[in-house]
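K.L.:
Keeping the supplied structure of chain A fixed, place chain B upon it in accordance with the hints.
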Amino acid sequence: MDKLLFGDNQFFGVNHMSEEKARVQAMRFQNIEAVIDTLGNAYDAGVRTFMCTTHDRIGLVCDHIRKQPDRYKDFIFFPGMPYAHKYANAVTEEGLLGSLKKFLPDEGLMNAMFRGATSFARKDIEGVITLLVDAEMKMFQGLKTPVIFLQNVVVDFVMGLGAVESFKIFADHVKKRYNAEPGFITMNTPRLLDVLEKLGVENPIICSNINKIGFRMCGGIDAYIDVMKSRKFRPIAMSVFASGALDPEEAIRWVCELPNLHSIVFGASSAGNIRRTADLVEKYWPKVPA
Amino acid sequence: MIKVAVVGLGKMGLSHQSIVKTHPDADLVAVCDSTSYLLDVLGKYTGVAGYSDYQKMLDEAKLDAVIIATPSKYHTPMVRAALEKGLHVFCEKPFTLDWQESEELARIATEKGLVNQVGYHYRSVGSFGEMKRLIDIGAIGRITHVMAEAYGPVVLKPKGSTWRTQRSEGGGCLYDYAAHPINLLNWLFGLPFSAGGTKLGKIYSADTEDEVYSTFYWNNGMSAQLSVNWSDESYRKMSTKITVWGINGRIAADRQECQVYLRDTATLPESYDAGWNIRYTTDLTKPVWFYVRGEEYSSQIAHFIEHCAGKRSEVLSDFASAAMTDRSIALLVSDAETHMRGEATQPVVAAPKRRLAALFRR
Numbered sequence: 000m001d002k003l004l005f006g007d008n009q010f011f012g013v014n015h016m017s018e019e020k021a022r023v024q025a026m027r028f029q030n031i032e033a034v035i036d037t038l039g040n041a042y043d044a045g046v047r048t049f050m051c052t053t054h055d056r057i058g059l060v061c062d063h064i065r066k067q068p069d070r071y072k073d074f075i076f077f078p079g080m081p082y083a084h085k086y087a088n089a090v091t092e093e094g095l096l097g098s099l100k101k102f103l104p105d106e107g108l109m110n111a112m113f114r115g116a117t118s119f120a121r122k123d124i125e126g127v128i129t130l131l132v133d134a135e136m137k138m139f140q141g142l143k144t145p146v147i148f149l150q151n152v153v154v155d156f157v158m159g160l161g162a163v164e165s166f167k168i169f170a171d172h173v174k175k176r177y178n179a180e181p182g183f184i185t186m187n188t189p190r191l192l193d194v195l196e197k198l199g200v201e202n203p204i205i206c207s208n209i210n211k212i213g214f215r216m217c218g219g220i221d222a223y224i225d226v227m228k229s230r231k232f233r234p235i236a237m238s239v240f241a242s243g244a245l246d247p248e249e250a251i252r253w254v255c256e257l258p259n260l261h262s263i264v265f266g267a268s269s270a271g272n273i274r275r276t277a278d279l280v281e282k283y284w285p286k287v288p289a
Numbered sequence: 000m001i002k003v004a005v006v007g008l009g010k011m012g013l014s015h016q017s018i019v020k021t022h023p024d025a026d027l028v029a030v031c032d033s034t035s036y037l038l039d040v041l042g043k044y045t046g047v048a049g050y051s052d053y054q055k056m057l058d059e060a061k062l063d064a065v066i067i068a069t070p071s072k073y074h075t076p077m078v079r080a081a082l083e084k085g086l087h088v089f090c091e092k093p094f095t096l097d098w099q100e101s102e103e104l105a106r107i108a109t110e111k112g113l114v115n116q117v118g119y120h121y122r123s124v125g126s127f128g129e130m131k132r133l134i135d136i137g138a139i140g141r142i143t144h145v146m147a148e149a150y151g152p153v154v155l156k157p158k159g160s161t162w163r164t165q166r167s168e169g170g171g172c173l174y175d176y177a178a179h180p181i182n183l184l185n186w187l188f189g190l191p192f193s194a195g196g197t198k199l200g201k202i203y204s205a206d207t208e209d210e211v212y213s214t215f216y217w218n219n220g221m222s223a224q225l226s227v228n229w230s231d232e233s234y235r236k237m238s239t240k241i242t243v244w245g246i247n248g249r250i251a252a253d254r255q256e257c258q259v260y261l262r263d264t265a266t267l268p269e270s271y272d273a274g275w276n277i278r279y280t281t282d283l284t285k286p287v288w289f290y291v292r293g294e295e296y297s298s299q300i301a302h303f304i305e306h307c308a309g310k311r312s313e314v315l316s317d318f319a320s321a322a323m324t325d326r327s328i329a330l331l332v333s334d335a336e337t338h339m340r341g342e343a344t345q346p347v348v349a350a351p352k353r354r355l356a357a358l359f360r361r
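Heads up: the sequence lines are chains A and B, in that order. Start counting the first sequence at 0; every next residue gets the next number (numbering that gives the first Met the number 0). Start counting the second sequence at 0; every next residue gets the next number (numbering that gives the first Met the number 0).
Any given hint could be a false lead.
[To be verified] Simulated pairs of lysine-lysine, DSBU-like, Cα-Cα distance not exceeding 35 Å: (1) B/10 - A/211; (2) A/231 - A/174; (3) B/240 - B/158; (4) A/282 - B/240.
Because the hints were derived from the structure by calculation, they are not lab data.
Bound-form chain A, shown alone (with noise of 0.2 Å):
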């Protein structure tokens, strides 16, 4: 893993600070060409890791990244699914089951219905999970997905059932049909690593907010940098800024100082932020992890 990976909130309104900037952000992003540029940009200064939703729209940034393999040799999708609007909004109107037929893979179809229907009759979520990820992969067909992330809503709400074979099941489908990794983004780190020991995922790789003011860190700071001390696990740094609320310098040297960093995933809209970024991680964090 690059230890500085380029996320995607910016790319679609999400800003936890100000609805005002979101909008803005929102508008700048509608045409794809302007997302396509910015990853240009980040690739440009050596960010070659995306690290995105399974929005609709990035489906159409992988067609363009397909389409120049010269141009984005090293170009690598972290893929984080699902995007969670998506199925929440899909909920609320169809109602659990309704909304799980609504996703289904339109390629293969049959295909997928019988493997959808038959562990829906067996009432076995193996199925289900296993449907819903490779319906969720299919834009990224052809493109290198090292890592591929559950995301947080989706982990922590799981997590919270104690529907925990979910992640077993979800990493060993990763694992297999993609040779990938999983990942696990998370708002509560040091309990998703008790719960992935005990289900037997090695090492894993966990991304969550880590930053100076200890903002969406559940457990607390303290926490956090003891299991990053004594656990093994790969971290990965998100909202290092705290969307904002700290100085962008002080913020990465605080995070980068942390034991056992594996990486920061950060935002950024303008090729100017994207450098400063990079130089501060260069400055504060010269040698990658081993």
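P.N.:
Just chain B now, kept in the frame of chain A:
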């Protein structure tokens, strides 16, 4: 440990279940839903006991509290049955579809000394809490007018019918969306005495409204305009905003931030200056022990559980306050029925038949 059951396994019920299960003072002992299939799957993967008969669950499972997240029309009988059993009750919003029933349930809960709470989660959002604090200490002086808004992308095309599309069952933009800003208005300013200029308009829905516009009036001369539309695709998700004008300034709050402008005539609260002051969610949000989909969802459940356990005593979003919202909603419905005519009550296009659904129907 507080022994809890969750009733109704839709989006809110499942979300509450996930949160309750992790709370250190709560023991999730049962769930109840009419879909036995869902109960079986949940039982298989989480080990929770499932009931398809609510009364049977109340009789058999040894409960201290229930969390009710069923379609709104079932709230009254379910809440009443739980209170009669002496259980603490958390009920999803809207509370009931008849404010007199809401007030009666509030009375019963109070008489029996039971904890009672309704899931108006915006009251647990830091920025709205800061807005209330500032208004209560008189930071912007006498309030003359308020704008209460909520927009989001729920119904974007004509579609088949579910309980959420029927106002008679507690669905529709009024109960689902508008109830939130109305509840915040009640929290900040109490019960309005009348409503005027109400429009409950249809855009796509056949059996309910998709937009709600109105003006509320209070006895002290204050007014509030309500502007709500759940068919607005330009929003990524539900966005609720309250703007308050006072003689000494203006406060605007949404889930992310609280923007305060104070005139130099204002008595400045501690750490506030004359002119603009912005407080962000990162400053205003208290950490929670477990995060699923927003701190407010965790903290309202924590409040309920800890209140049941005797660890908290302050009242949060109780039945009486939710009854006030039901009563405010009744003002709107009555005003709209008196004044609305013609086009605005008709949907633009008829709903198509659902097709794929049949494939998975058992």
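K.L.:
Straight-line Cα separation of residue 231 of chain A and residue 174 of chain A no greater than 35 Å?
P.N.:
Since the Cα atoms of residue 231 of chain A and residue 174 of chain A sit roughly 19 Å apart, the hinted pair holds (cutoff 35 Å).
K.L.:
Between the alpha carbons of residue 240 of chain B and residue 158 of chain B, is the straight-line distance 35 Å or under?
P.N.:
28 Å, holds
K.L.:
For the pair supplied as a hint, residue 10 of chain B and residue 211 of chain A, is the alpha-carbon distance within the 35 Å limit?
P.N.:
33 Å, holds
K.L.:
Would the pair residue 282 of chain A and residue 240 of chain B pass a check requiring their Cα atoms to be no farther apart than 35 Å?
P.N.:
41 Å, violated
Of the numbered hints listed earlier, the single one contradicted by the structure is hint 4.
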